[in-house]
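Asker: Sequence:
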Amino acid sequence: MTTPPDPARILTVCTGNICRSPAVERLLRQRLAGTDVVVESAGTRAVVGSGVSAPMVPLMAAVGASADGFVARQLTPAALRDVDLVVTLTRGHRSAVVEHAPAAVRRTFTLLELARLLQHVDPAALAAAGATPGERVRALPALAAAVRHLAGGGDDDVVDPIGQSDTVYRASFDAMAPAVDALAAALTSPGR
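Under this note's numbering, read the sequence shown as residues 240 to 431, first letter to last.
These aren't lab readings, by the way, just hints derived from the structure by calculation. All residues carry an ideal CB built from backbone N, CA and C; glycine is no exception. Incorrect hints may have been included.
[Unchecked claim] Using C-beta positions, here's what the derived DEER-type ranges look like: (1) 315 / 384: 23 to 29 Å; (2) 389 / 341: 22 to 28 Å; (3) 406 / 315: 30 to 36 Å; (4) 405 / 269: 18 to 24 Å; (5) 363 / 289: 39 to 45 Å; (6) 341 / 370: 30 to 36 Å; (7) 338 / 302: 31 to 37 Å.
Construct all of the structure, not just a fragment, from the sequences and the given hints.
Answerer: Right, dumping it as structure tokens:
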């Protein structure tokens, strides 16, 4: 009897790890539940040990993602070890990831950049990369990088709502949720 491969790992990264990256983590976890993908998060200047920022909790809950049991943690080189895909919330976070682990540059994207690139990734190529979401996670960085020239640029930063109004929290969440949905859909039904 063969041992199943280790699950693929996705790490989401923002600043405090109490708002944007936990929202993306928990949304992805909810959409990839029961698959061979593990989703975690960390912050470049994490509020270590804290839960999700209170205004973000109802936004997550409204789409079926729970903030229960979440604990913020600091981004470290060890947190990046064995991660197959790193999803950051800004270009600055992407730079911080690469500073911690230079080899991660090829598998690190901002969330909005990755969503834009997914529009150009050939669904057949992603489907051919593997039968499971985990196998597709491992193939996605190379497939996404190969279409960068087609996707053009864009505003790849999701605004940090910490200390802002509920309207800013909503805008931040509304920027993230469709991108998470696009990523989850690509990983679970690549023939879309």
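Asker: Could you run down the list of hints and mark each one as holding or not?
Answerer: Now for the hints, and whether the structure bears them out:
1. 315 / 384: 23 to 29 Å: At 25 Å between Cβs, range holds.
2. 389 / 341: 22 to 28 Å: Roughly 26 Å apart at Cβ, these two residues keep to the hinted range, so it holds.
3. 406 / 315: 30 to 36 Å: Holds, at about 34 Å.
4. 405 / 269: 18 to 24 Å: 22 Å, holds
5. 363 / 289: 39 to 45 Å: Hint holds: Cβ distance 43 Å, inside 39 to 45 Å.
6. 341 / 370: 30 to 36 Å: 32 Å, holds
7. 338 / 302: 31 to 37 Å: 33 Å, holds
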